[in-house]
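Once you've looked at the hints, dock chains B, C and D against the given chain A.
There are 4 protein chains.
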Amino acid sequence: MRGIDVNCDMGESFGPYTLGRDSEVMPHITSANVACGWHAGDPSVMDRTVALAAQNGVSVGAHPGYPDLLGFGRRKLDCSPDDLTQYIIYQVGALQAFCHKHGTPLQHVKPHGALYHAVLEDEELGRAVARAVLQVDPGLVLVTLAGPKGESMSSICREMGLDVAREAFPDRAYNADGTLVPRGSRGAVIEDPQEVAARTHSLARDNSVRAASGETIELEAHTVCVHGDTPTAVELVREIGHRLQDDGLQLRHMAQLTN
Amino acid sequence: MRGIDVNCDMGESFGPYTLGRDSEVMPHITSANVACGWHAGDPSVMDRTVALAAQNGVSVGAHPGYPDLLGFGRRKLDCSPDDLTQYIIYQVGALQAFCHKHGTPLQHVKPHGALYHAVLEDEELGRAVARAVLQVDPGLVLVTLAGPKGESMSSICREMGLDVAREAFPDRAYNADGTLVPRGSRGAVIEDPQEVAARTHSLARDNSVRAASGETIELEAHTVCVHGDTPTAVELVREIGHRLQDDGLQLRHMAQLTN
Amino acid sequence: MRGIDVNCDMGESFGPYTLGRDSEVMPHITSANVACGWHAGDPSVMDRTVALAAQNGVSVGAHPGYPDLLGFGRRKLDCSPDDLTQYIIYQVGALQAFCHKHGTPLQHVKPHGALYHAVLEDEELGRAVARAVLQVDPGLVLVTLAGPKGESMSSICREMGLDVAREAFPDRAYNADGTLVPRGSRGAVIEDPQEVAARTHSLARDNSVRAASGETIELEAHTVCVHGDTPTAVELVREIGHRLQDDGLQLRHMAQLTN
Amino acid sequence: MRGIDVNCDMGESFGPYTLGRDSEVMPHITSANVACGWHAGDPSVMDRTVALAAQNGVSVGAHPGYPDLLGFGRRKLDCSPDDLTQYIIYQVGALQAFCHKHGTPLQHVKPHGALYHAVLEDEELGRAVARAVLQVDPGLVLVTLAGPKGESMSSICREMGLDVAREAFPDRAYNADGTLVPRGSRGAVIEDPQEVAARTHSLARDNSVRAASGETIELEAHTVCVHGDTPTAVELVREIGHRLQDDGLQLRHMAQLTN
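Protein chains in written order, with the numbering used here: chain A, 1 to 259; chain B, 1001 to 1259; chain C, 2001 to 2259; chain D, 3001 to 3259.
So that you can see chain A by itself, here it is in the shape it has in the complex:
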């Protein structure tokens, strides 16, 4: 039976600051990327978020980022591959402890923000992240970009023996070559929940999506990323579930799809 995973960034609140609509969105997704206290999140937020995921049968992933709360991990920091490996181990280890407390296994690791992009562009950083994940637990899944830009990172992981979940962005326009239309460009972001759900459905059933130029392109994705802090976030994740069910597809946890 075919299916797809829906992942969403969760646990991005910090101390007095609240971000995202975690409790409303959580019931409708399959994998939660939980911030680990470096670019967002704090131990109390991590605890609540893992508990919420466990209650909803949602698989937990670590969402490690650069040590840059001020910039929300969205700014590249030119750190060495060796330091990066340790930064990832630290953050993933911290989250693992909360998973252990709540009796739910850690499923995956998805680098956050500027780090997500850095590993796509720099093989050495990619290896540094993959190495960290393997050293913490070789059974974890690493999430990286579906399409041509993510091929290098996928290969690195395969070589090193690490499972990869390829991720598509159904609320983002794609070029004909399978790359994302840059955020600044016209039409780069698709806001209509119905359309995003339809694109998710197409990714799940046909491994394809319609490019901005009109043609249908192949894009093999295990998981789609949705955003939890938009006004339509809850409507969207609900809609995705309905759209898939109508066609005999289903939401599945990424670990089931990558093994």
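Hints should not be assumed to be uniformly reliable.
[What the hints assert, rightly or not] Not everything, but these chain C residues come out facing chain D in the computed CB check (under 7 Å):
no., residue
1, 2043
2, 2044
3, 2086
4, 2090
5, 2136
6, 2138
7, 2250
These are calculated hints, taken from the structure and not from any lab test. Remember, it's a predicted structure, so these values are computed and weren't measured experimentally. Heads up, the beta-carbon is just placed ideally off N, CA and C, and yes, glycines get one too.
Just chains B, C and D now, kept in the frame of chain A:
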């Protein structure tokens, strides 16, 4: 066969800053309290320190502290018990990942600085720390003060089912009631390595130590704390080993003594 | 002509996190307490907030706090008076630079959160804060609590030659002795904007407020504190202005009232 | 009368961590670049460092850096020019307050580490820094690299009306085109204090220095940077003073040379 554990704070360097003489002291101790990046230490320092401990057959413990690098965790922060529990889980979990990487189990948790004292004075904070340790791994040992001031925390741990290692300070003067002479007072700190080694020997063999007032007092300790950043640190830890061996005693890991 | 100052905490956003309704509240107050990046705020937020104050003719004050973003400065940190002096100088100096940039003088300093309370309870900390303010600029006004609990800090400032603005909380219930009813207690917080405005009016015209027990008590205040993050914040600050005007009173900057 | 300024990074200690030999080096330099708490330094260290500079008649400069204590400000952080402007204003303002306390004017601003290099390579960041300095105090001097790599930043400052001090590194080898030999290369760092002093003397008297290839190249510098954390730091700064005096040259504050 009788024995005692020797523990020392390790891994207190941070980024560009070096503190302590870890590589020289490590070969002579049995348990290392490794800072977890909140009051001192960083992921790269943690990695190096756990590797060094593993190479030297030294058992690793977590040394969590308040989120106060500026004050080195030596200043009481009035945080809630619930938050404190999560702070401990976070830090211990992060260190556990480095232990896993280096194939060495985590042995113990010793609260650092102001937190060490806070749990002695506030039962609710004591329970918060014990709960955190149990939630991460009920097989861990918690280190707390030997003598009357540590009795409450020891009881809490026993009630909750957590192993406790009682800790003495052979380089500190004791009052006749088994409490420590406060740091500011005359003669509070004993600097002569020979004398500190002799006091360690007395603690290991006889469960006793000479008080500042002259009488010998009973003090049951599983481990003694030595300081790794003094000029005589290396001489001291060597001397302790020799003193014990001369009398058929030996250095033992605290987990062997508390089970 | 009689009047009173209305102060409000501003600039408490941080990086990706937004807190408060600064742009809506600013037009209706006279003094803004601007967070300085330690318990809340960041340089870009400080810049925007000072600019917004200057545009609205609102006097700027520094709102320094403990180095505890995670706890929003609401947790007592047991730091030394000497360190505290330097922490205040640092934060006030940083804000002064933004005031200079926007051509508006710094008017006052109001310690934030746990620090606000710490100086009321510990004279040494009170002197440490007063000393810092004097060293940065002896023309600044220090804001502290009106009523018996603030008398010690007021005296310290007077002795040291520092102007004080005494502050009342019109949305908080008062005991008959002029102390605040603790937050946890029933009726401690008054939510009706009309009533809060009426109490502000009474403070401005008669130097008095009705206690929870019914009697009218004397309370001499130069400024009232309003909260900018409640649903009724905007309605409240508007209402205060109207209430005062109706009676020929006016909103005045605290520096005009304390000199 | 000819002369040159000698600047040195100071105040890089943090909380429990000590770095550099500030008190020994300070008597022999003319300008101190004081860390502002972001990449190094803290308020108490800043206070002590400014006091020490004032006692020794040394001019104080701000040494702002990226918000990266863990990386000591040596790693490029991809922040926006607007944010960078505010980061500089914040740090310079904080230091100014300590200068005011100790009755010594702030003389200059020298970006630290990765930020020093970033402004040489990216004009927009250069303008962002220059703008910050002008907004805090247009009378400040900005320190940047002498030679071809610093020309763009010097031009930006001139255009914007900001005084520039061009800085040479007498302990670094130069290429024939006036650029520095990269640190990794053989012979890149000159360790002999006598030779470094001789090179400083040549820079002061003749506006020239011998390149690694042997020829004498022109290099107009107002100030030379020395490093305060090397074993020979004190000997070096003493030697520079002697070498200059022997030839009727003298140590001068950079502000005297740039006006």
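Results of checking the hints against the structure:
Interface hint status for residue 2043(C): upheld, as the beta-carbon distance to the closest one in chain D is roughly 4 Å, under 7 Å. Taking 7 Å as the C-beta cut-off, the interface hint given for residue 2044(C) holds, the closest approach to chain D being about 5 Å. A cut of 7 Å between beta carbons decides the hint on residue 2086(C): the least distance to chain D is about 4 Å, and the hint holds. With a least beta-carbon distance of about 4 Å to chain D, the hint placing residue 2090(C) at the interface is held under the 7 Å criterion.
Proximity of residue 2136(C) to chain D holds as hinted, the smallest CB-CB distance being about 5 Å (cut-off 7 Å). Given the 7 Å rule on beta carbons, the hint for residue 2138(C) is violated: about 11 Å separates it from the nearest Cβ of chain D. Given the 7 Å rule on beta carbons, the hint for residue 2250(C) is violated: about 33 Å separates it from the nearest Cβ of chain D.
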